[in-house]
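Visitor: Each chain, written out:
Protein chains: 6
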Amino acid sequence: MRLLLINPNTSASMTEKAAITARAVAASGTEIIAATSRTGPASIEGYYDGALAVPGLLSELKERQTTGYDAAIVACFDDTGLDAARTFSDVPVLGLCESAVATAGFLAQRFTVVTTLERSRVLIDNLIQRYGMGGRAKVRASDIAVLELEDAASGAIGKLRSEIERALEEDGAEAIVLGCAGMTDLARELQEIYGVPVIDGVAAAVKQAEALVSLGLSTSKRGSYASPLPKPFSGAMSDFTPMSASG
Amino acid sequence: MRLLLINPNTSASMTEKAAITARAVAASGTEIIAATSRTGPASIEGYYDGALAVPGLLSELKERQTTGYDAAIVACFDDTGLDAARTFSDVPVLGLCESAVATAGFLAQRFTVVTTLERSRVLIDNLIQRYGMGGRAKVRASDIAVLELEDAASGAIGKLRSEIERALEEDGAEAIVLGCAGMTDLARELQEIYGVPVIDGVAAAVKQAEALVSLGLSTSKRGSYASPLPKPFSGAMSDFTPMSASG
Amino acid sequence: MRLLLINPNTSASMTEKAAITARAVAASGTEIIAATSRTGPASIEGYYDGALAVPGLLSELKERQTTGYDAAIVACFDDTGLDAARTFSDVPVLGLCESAVATAGFLAQRFTVVTTLERSRVLIDNLIQRYGMGGRAKVRASDIAVLELEDAASGAIGKLRSEIERALEEDGAEAIVLGCAGMTDLARELQEIYGVPVIDGVAAAVKQAEALVSLGLSTSKRGSYASPLPKPFSGAMSDFTPMSASG
Amino acid sequence: MRLLLINPNTSASMTEKAAITARAVAASGTEIIAATSRTGPASIEGYYDGALAVPGLLSELKERQTTGYDAAIVACFDDTGLDAARTFSDVPVLGLCESAVATAGFLAQRFTVVTTLERSRVLIDNLIQRYGMGGRAKVRASDIAVLELEDAASGAIGKLRSEIERALEEDGAEAIVLGCAGMTDLARELQEIYGVPVIDGVAAAVKQAEALVSLGLSTSKRGSYASPLPKPFSGAMSDFTPMSASG
Amino acid sequence: MRLLLINPNTSASMTEKAAITARAVAASGTEIIAATSRTGPASIEGYYDGALAVPGLLSELKERQTTGYDAAIVACFDDTGLDAARTFSDVPVLGLCESAVATAGFLAQRFTVVTTLERSRVLIDNLIQRYGMGGRAKVRASDIAVLELEDAASGAIGKLRSEIERALEEDGAEAIVLGCAGMTDLARELQEIYGVPVIDGVAAAVKQAEALVSLGLSTSKRGSYASPLPKPFSGAMSDFTPMSASG
Amino acid sequence: MRLLLINPNTSASMTEKAAITARAVAASGTEIIAATSRTGPASIEGYYDGALAVPGLLSELKERQTTGYDAAIVACFDDTGLDAARTFSDVPVLGLCESAVATAGFLAQRFTVVTTLERSRVLIDNLIQRYGMGGRAKVRASDIAVLELEDAASGAIGKLRSEIERALEEDGAEAIVLGCAGMTDLARELQEIYGVPVIDGVAAAVKQAEALVSLGLSTSKRGSYASPLPKPFSGAMSDFTPMSASG
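Residue numbers (our numbering), protein chains in the order written: chain A, 60 to 306; chain B, 60 to 306; chain C, 60 to 306; chain D, 60 to 306; chain E, 60 to 306; chain F, 60 to 306.
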């Protein structure tokens with residue numbers, strides 16, 4: 060089984076970190092193909108960054124079709140471009156937020172997502188409401204820039220731990236979800252420290268992707284994720300013209 | 060007051076139709092600047108088309124800054140790229156769906172949105188839930204392709220009318236919202252035929268844009284719509300590097 | 060265009076304050092007809108005051124029909140009698156709360172309404188839930204009596220500012236809605252102080268009324284706002300007998 | 060124990076019918092004091108009628124204080140003026156809709172309210188959402204005018220039965236709530252015919268009133284139902300000036 | 060009228076306390092039959108205890124049928140086994156939580172349930188969401204073990220009072236619901252101290268049971284509470300084989 | 060990895076069918092230990108059957124601890140006793156409904172669960188609301204008794220197919236979830252026939268169990284699933300006395 064893990068921002072160091080986690084949790088027969096988007100922002104912090112990361116993400120999905128993959132993972136906790144990727148693709152596509160909160164739901168009745176910046180807090184809260192976890196999960200920002208997570212001297216981990224402690228104390232959180240792909244390497248250690256499940260989206264998405272592939276399930280092509288209709292795409296986006304449109 | 064009306068798909072005929080409506084309802088001092096995206100799909104039907112329309116939309120928003128505008132309207136009922144546009148922009152940005160359902164809410168307690176294809180139905184239903192109208196509004200698809208609305212011989216209007224009649228009969232709809240920018244020219248006539256308010260998103264958005272500008276209100280830059288942070292953007296997206304990042 | 064602005068309480072000083080705001084934001088061709096209810100409570104604080112303000116409000120709506128108006132505004136943030144006014148009237152009727160929260164929704168994803176007394180807090184929260192903003196807006200009381208807002212020496216503005224500051228800090232509010240018609244004169248200054256959108260219901264309602272009139276839209280007469288049925292009204296309410304009933 | 064049953068419309072025949080039910084279900088020590096409003100509409104069908112019934116209702120509540128009552132019931136399924144009555148009163152006040160749906164909730168997980176006219180359907184649906192039963196109850200209109208229920212030849216009962224049958228078949232209703240005070244005499248017979256619980260609001264409210272009185276519970280005077288504040292009431296409403304205001 | 064009050068835990072002292080309350084509030088013609096489960100946990104704290112209390116509860120319901128009862132009350136605030144009891148029984152069955160929150164809903168728009176241990180908080184919050192009060196009620200734990208309520212020296216009452224004070228201050232609670240059957244003796248005194256309605260589930264359930272019986276209403280046997288189907292029950296549960304199955 | 064698959068009803072043929080599916084989808088290193096409850100109903104149809112199946116389920120969980128398992132699956136679509144099992148257990152416990160709807164959520168935005176009898180429909184709908192999928196999923200009953208699924212001549216499959224067809228046509232379902240463990244063998248074939256994802260709970264739960272075990276995640280022991288407290292258990296339930304209680 061080949062899983063395509065696409066980092067939709069252009070920071071290769073984040074891709075590498077996510078790939079390490081993915082490979083660590085993957086089943087023995089699973090190959091992780093890690094890809095970094097070649098076009099778009101260096102990190103995804105808010106709606107503008109996210110929207111401009113989608114073409115790069117779709118390019119990777121498309122170009123890697125020639126070498127093949129059985130499922131894809133969008134390695135950003137904002138689930139950037141997930142709906143578009145599912146519409147485009149014939150294989151399952153997983154997002155980190157959706158995978159992580161579904162996983163948390165099997166372990167705890169109430170949990171808290173701890174993310175980076177305030178600007179991402181409401182965005183993730185909206186995702187969680189759409190995924191149906193609005194009554195069970197809170198979202199907290201810990202005032203960390205995404206790329207500070209790459210820098211051990213930034214103090215980011217201290218801020219993250221403070222916010223986890225507030226979640227346990229004030230929210231009655233029964234589990235913690237790490238709300239940024241850049242936190243993926245911290246899950247195990249934080250789980251040991253706090254004694255509650257700490258869920259990382261990269262790891263969760265790998266297991267969900269493996270599950271869907273092994274069950275022979277893929278995105279429904281009936282209704283909202285139906286394949287793109289043939290039609291002209293203009294200008295810089297002409298590469299994305301649906302293949303059936305060229306026939 | 061100058062309102063920038065951007066059609067995020069690349070079909071100039073749809074832009075023209077929307078501009079006619081916009082100019083017809085605009086206040087005497089309002090100038091409508093109609094722009095057609097130069098990059099992306101010819102029509103927006105589903106998530107894939109929508110995601111690939113956003114860079115073209117943001118390009119128009121950015122390039123037109125030199126000549127200036129007081130508010131912008133994204134002229135697609137899917138509210139394509141609306142969050143990203145609000146994050147980017149310092150002036151108010153309005154979407155058709157959000158404007159239309161807010162307007163309908165002043166006129167009726169229960170209403171139905173009639174859109175084009177089934178693939179757009181759930182997408183719009185999700186928007187309506189996010190905008191808080193989920194308990195008050197239903198969404199129906201009438202099996203019309205967006206560009207069929209440009210073709211009088213397509214039978215599209217008959218299908219639309221059948222679905223409106225079902226909404227009145229089966230949903231107890233007190234008003235109808237037209238769920239596609241391409242239906243903008245039909246609102247007045249349908250309102251006369253059916254004797255209930257028929258709300259068109261283009262017209263609604265123009266009035267909301269005028270309202271915000273005249274009240275001196277603009278998108279909050281605190282929290283989820285805070286301006287993009289400075290950071291590198293790579294490849295085909297490098298033109299979108301936030302200006303403050305270059306300093 | 061003639062907009063009837065009815066203050067449903069009997070304090071003419073509040074009417075005057077609302078009329079100043081209304082005229083300041085009205086379009087050049089809009090005439091504001093300000094009316095003070097002649098029967099009912101001096102201010103509206105809670106359900107009892109509100110219910111007893113409705114006949115006076117409906118009287119103004121009815122008596123002013125002879126001179127004519129194109130839309131009406133109920134100038135109390137509790138949206139006192141709004142449903143009854145819409146049922147009675149053939150022209151659009153706007154409430155302050157509904158107009159303000161719809162306007163806030165175009166500017167911010169999360170916002171806080173700051174109102175006067177605790178007894179109005181849940182009442183407004185119920186309105187906001189009904190209008191679909193329950194997941195996006197919080198309501199705070201600032202322990203101010205409505206008529207204290209007419210008295211510069213009351214300390215009311217200090218209390219209001221403290222509560223706004225708590226909303227920004229504790230709620231993560233991205234915008235503020237002023238939850239009482241008596242605060243209408245403070246919006247601009249507070250917006251400058253806090254750097255987030257501050258929305259006043261009087262101003263918002265004027266623009267929504269102008270929008271509906273210019274779009275040729277009025278309250279649906281199908282379903283819940285259908286015109287009153289002919290039937291006898293007894294005693295002190297006999298003046299309200301629906302006109303069609305007398306035929 | 061003395062229960063004041065106020066019919067907020069001015070049709071004495073409806074009061075009499077409700078009083079018969081109330082006396083039939085009252086406990087041995089309970090006295091039912093039936094009162095008909097002396098001012099307002101002959102029947103309550105929609106928001107306009109409802110709003111204009113409230114002063115008459117509050118007058119009865121106030122004037123009957125001299126002879127005393129332990130709890131009051133507003134005998135209209137729209138729960139007309141219930142919030143105002145609770146704010147005014149020092150004893151418990153019950154509404155028919157709230158009492159009936161709470162009672163239904165002990166008997167069935169899903170149920171349907173069958174009311175009279177379409178114009179009341181959404182009004183009741185909004186009540187049910189506010190009372191928290193929106194996910195469990197549907198509302199159906201059976202195209203009956205309220206006063207037709209007083210007329211055996213009107214065909215009203217046939218229409219009501221048809222709608223109950225649709226509720227059982229199409230909604231999977233496990234119980235039926237009769238959505239108009241004028242249907243109170245039909246509950247027992249319909250329950251026998253259909254073999255599911257049929258709940259009448261008058262009977263339900265009598266038992267809830269008895270329960271609260273015997274438990275020594277009354278409306279909270281903290282927060283939203285706090286007693287009216289002293290202030291002037293003008294014109295035709297001056298009789299409603301809160302007593303503490305005169306001190 | 061005979062009401063069977065079953066304590067689903069095996070602590071007879073708690074049964075006695077509940078019976079005292081029940082008899083104090085029962086109508087003159089109501090006989091309270093108090094029963095203590097003979098199999099299961101000594102107290103119910105969390106899901107495991109609750110699940111293992113259900114067979115004992117159903118045994119009491121079944122064995123007491125020979126001597127007869129008109130309604131049953133499950134005397135635990137977790138509404139332990141309530142759905143199963145309603146499915147089994149031909150008479151009304153009431154739970155403490157459901158009865159108490161319905162009663163609170165007639166008295167206050169916002170209220171707080173104060174329960175014992177943190178492990179019961181989310182369980183009760185889930186009940187309250189299912190009963191439709193999620194938007195109106197909060198749940199607080201006061202760190203008291205259930206059986207500490209039997210011990211005057213445990214400090215339990217002090218902890219309970221502290222949590223009530225926090226509910227009034229921080230939640231804006233308009234009423235308090237006592238979230239454990241073991242608190243039943245404290246309601247009157249706490250109501251006097253705090254001046255807001257304090258609702259006890261035992262008392263509330265007795266009155267609801269009396270109401271349903273006197274109205275001739277019982278659990279719907281259509282749909283989700285339909286009587287058990289005949290089928291074999293094995294092993295230790297064979298005594299529970301539905302009677303119709305043996306025919 | 061050893062997964063304990065417990066059929067909480069006592070029909071060994073159903074256990075066998077579930078075990079076949081489980082083994083077919085399990086990863087190469089996963090051993091499926093299939094267990095049939097030895098006490099309780101032959102099938103689970105409604106709340107009474109479900110409650111009386113829980114002690115047998117917990118017995119299996121407990122007795123099998125000596126031989127060891129890494130996660131457990133409750134093989135009934137009603138998620139019978141799932142909360143109690145999670146409270147009891149130190150390893151992850153999965154239910155079929157929760158696993159299936161989470162899986163469906165990755166594949167489709169709107170889907171329908173097709174179950175057996177009407178009496179299970181609302182029960183499952185309540186589960187789905189609690190799991191947060193209430194806005195995305197409908198539940199339909201197909202009038203099949205659970206054990207008819209064991210009998211090829213019962214016509215059960217025809218009824219099931221009719222209901223799936225109605226779901227696709229009337230609900231706009233994008234995927235189908237099979238709402239009974241006894242349908243597990245039909246998923247693949249139905250998926251081929253209808254061309255939409257068809258999700259079976261047994262298969263879904265196996266993959267979720269594998270995922271949690273391989274990620275080192277288990278049920279949170281903080282809050283609602285905290286381990287049972289030591290206390291006496293009486294009578295037939297004394298075997299369930301928490302082990303720590305005996306210390």
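Hints were generated in silico from the structure; no laboratory data involved.
Incorrect hints may have been included.
For identical chains, the list gives no copy identity; a pair is met inside one copy or between any two copies.
Here are the simulated DMTMM-like cross-link-like pairs (lysine to aspartate or glutamate), alpha carbons at most 20 Å apart as the crow flies [unchecked claim]: (1) LYS197 / GLU222; (2) LYS280 / GLU251; (3) LYS121 / GLU177; (4) LYS280 / GLU229; (5) LYS280 / ASP202; (6) LYS121 / GLU209; (7) LYS280 / GLU177; (8) LYS121 / GLU251; (9) LYS121 / GLU90; (10) LYS218 / GLU207; (11) LYS280 / GLU248; (12) LYS218 / GLU228; (13) LYS197 / GLU207; (14) LYS121 / ASP298; (15) LYS197 / GLU177; (16) LYS197 / ASP149; (17) LYS218 / GLU177; (18) LYS280 / GLU228; (19) LYS197 / ASP230; (20) LYS218 / GLU248; (21) LYS280 / GLU207; (22) LYS218 / GLU251; (23) LYS197 / ASP298; (24) LYS197 / ASP210; (25) LYS197 / GLU229; (26) LYS280 / GLU224; (27) LYS121 / ASP210; (28) LYS121 / ASP149.
Visitor: Look at each hint and say if it fits the structure.
Guide: Now the hints, each set against the structure:
no. : hint            : in the structure
1   : LYS197 / GLU222 : within (12 Å within a copy, 23 Å between copies)
2   : LYS280 / GLU251 : between (42 Å within a copy, 13 Å between copies)
3   : LYS121 / GLU177 : neither (33 Å within a copy, 25 Å between copies)
4   : LYS280 / GLU229 : between (43 Å within a copy, 17 Å between copies)
5   : LYS280 / ASP202 : between (39 Å within a copy, 16 Å between copies)
6   : LYS121 / GLU209 : neither (29 Å within a copy, 31 Å between copies)
7   : LYS280 / GLU177 : between (35 Å within a copy, 12 Å between copies)
8   : LYS121 / GLU251 : neither (40 Å within a copy, 26 Å between copies)
9   : LYS121 / GLU90  : within (19 Å within a copy, 38 Å between copies)
10  : LYS218 / GLU207 : within (11 Å within a copy, 39 Å between copies)
11  : LYS280 / GLU248 : between (40 Å within a copy, 18 Å between copies)
12  : LYS218 / GLU228 : both (15 Å within a copy, 18 Å between copies)
13  : LYS197 / GLU207 : neither (23 Å within a copy, 32 Å between copies)
14  : LYS121 / ASP298 : within (10 Å within a copy, 23 Å between copies)
15  : LYS197 / GLU177 : both (13 Å within a copy, 18 Å between copies)
16  : LYS197 / ASP149 : neither (33 Å within a copy, 25 Å between copies)
17  : LYS218 / GLU177 : within (13 Å within a copy, 27 Å between copies)
18  : LYS280 / GLU228 : between (44 Å within a copy, 15 Å between copies)
19  : LYS197 / ASP230 : both (8 Å within a copy, 13 Å between copies)
20  : LYS218 / GLU248 : within (15 Å within a copy, 35 Å between copies)
21  : LYS280 / GLU207 : neither (39 Å within a copy, 23 Å between copies)
22  : LYS218 / GLU251 : within (18 Å within a copy, 32 Å between copies)
23  : LYS197 / ASP298 : neither (40 Å within a copy, 36 Å between copies)
24  : LYS197 / ASP210 : neither (27 Å within a copy, 37 Å between copies)
25  : LYS197 / GLU229 : both (11 Å within a copy, 14 Å between copies)
26  : LYS280 / GLU224 : between (43 Å within a copy, 16 Å between copies)
27  : LYS121 / ASP210 : neither (32 Å within a copy, 33 Å between copies)
28  : LYS121 / ASP149 : within (11 Å within a copy, 35 Å between copies)
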